[in-house]
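Enquirer: Quick note: the sequence shown uses the UniProt record's numbering, first residue 1, plus one each step.
Heads up, a few of these hints could be off.
[To be verified] In silico lysine-lysine, DSSO-like type, Cα no more than 27 Å apart, as pairs:
no., residue 1, residue 2
1, 6, 30
2, 74, 60
3, 74, 85
4, 65, 90
[Said to hold, decoys possible] With beta-carbon atoms standing in for the labels, derived distance ranges:
no., residue 1, residue 2, range
5, 72, 36, 43 to 51 Å
6, 16, 51, 49 to 57 Å
7, 78, 18, 20 to 28 Å
8, 53, 79, 51 to 59 Å
9, 8, 71, 33 to 41 Å
10, 27, 94, 50 to 58 Å
11, 17, 62, 39 to 47 Å
12, 11, 86, 55 to 63 Å
13, 52, 86, 53 to 61 Å
14, 58, 20, 37 to 45 Å
15, 48, 19, 41 to 49 Å
16, 8, 94, 33 to 41 Å
17, 94, 30, 53 to 61 Å
No lab work stands behind these hints: they were computed from the structure. Quick reminder that beta carbons are idealized off the backbone N, C-alpha and C, glycines included.
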Amino acid sequence: MSRISKDEVKHVANLARLAITEDEADTFTKQLDDIITYAEQLNELDTEGVAPTTHVLDLKNVLRKDEPKEWLNKEDVLNNAPEHKDGQFKVPSVLE
1 MSRISKDEVK HVANLARLAI TEDEADTFTK QLDDIITYAE QLNELDTEGV APTTHVLDLK
61 NVLRKDEPKE WLNKEDVLNN APEHKDGQFK VPSVLE
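Please model the complete structure; the sequences and the hints are all you need to start from.
Expert: Below is the structure:
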């Protein structure tokens, strides 16, 4: 019994803006049915007591500690700007 119909394959192809022929629709229907059948075998596995995982390897992000530190002060930054006014950068208008 097919788990996906030829009409469903054509519908998905249309949504993806793919033009497929009748032969391609037949081929894709068979291939997708085989993929679904294979994936359904996972439902037969006993996963009781198996912890959920998001990745097969135990990966950890290595990040530095987030600590505040002195950086540039406002006056130094504004002194390097071509133009500034009232403590802000002055830039050309982009709106008409």
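Enquirer: Against each hint, give a clear statement of whether it holds in the structure.
Expert: Quick rundown of the hints versus the structure:
A distance of roughly 9 Å separates the Cα atoms of residue 6 and residue 30; the hinted pair therefore holds under the 27 Å criterion. Taken as a hint, the residue 74 and residue 60 pair is broken in the structure, with Cα atoms around 37 Å apart against an allowance of 27 Å. For the given pair, residue 74 sits about 12 Å from residue 85 by alpha-carbon distance, which is consistent with the 27 Å threshold. Between residue 65 and residue 90 the alpha-carbon distance is near 35 Å, which puts this suggested pair outside the 27 Å criterion.
Taking 43 to 51 Å as the suggested C-beta distance range, the pair residue 72 and residue 36 does not conform, at roughly 57 Å. Checked against the hint of 49 to 57 Å, the pair residue 16 and residue 51 fails, with Cβ atoms roughly 36 Å apart. Between residue 78 and residue 18 the Cβ separation comes to about 55 Å, which falls outside the hinted range of 20 to 28 Å. At about 53 Å, the beta-carbon gap between residue 53 and residue 79 stays in the expected band of 51 to 59 Å.
At about 57 Å, the CB distance of residue 8 to residue 71 disagrees with the hint of 33 to 41 Å. Taking the beta carbon of each, residue 27 and residue 94 are about 52 Å apart, inside 50 to 58 Å as hinted. Roughly 42 Å separates the CB atoms of residue 17 and residue 62, a value that falls within the hinted 39 to 47 Å. For the pair residue 11 and residue 86, the beta carbons lie near 59 Å from each other, so the given range of 55 to 63 Å is met.
Take residue 52 and residue 86: their Cβ atoms lie about 54 Å apart, and the range 53 to 61 Å holds. Range check, residue 58 to residue 20: Cβ separation about 42 Å, and the 37 to 45 Å hint holds. Residue 48 and residue 19 have their C-beta atoms about 47 Å apart, which keeps the hinted 41 to 49 Å range intact. About 48 Å separates the C-beta atoms of residue 8 and residue 94, a value inconsistent with the hinted range of 33 to 41 Å.
Checked against the hint of 53 to 61 Å, the pair residue 94 and residue 30 passes, with Cβ atoms roughly 55 Å apart.
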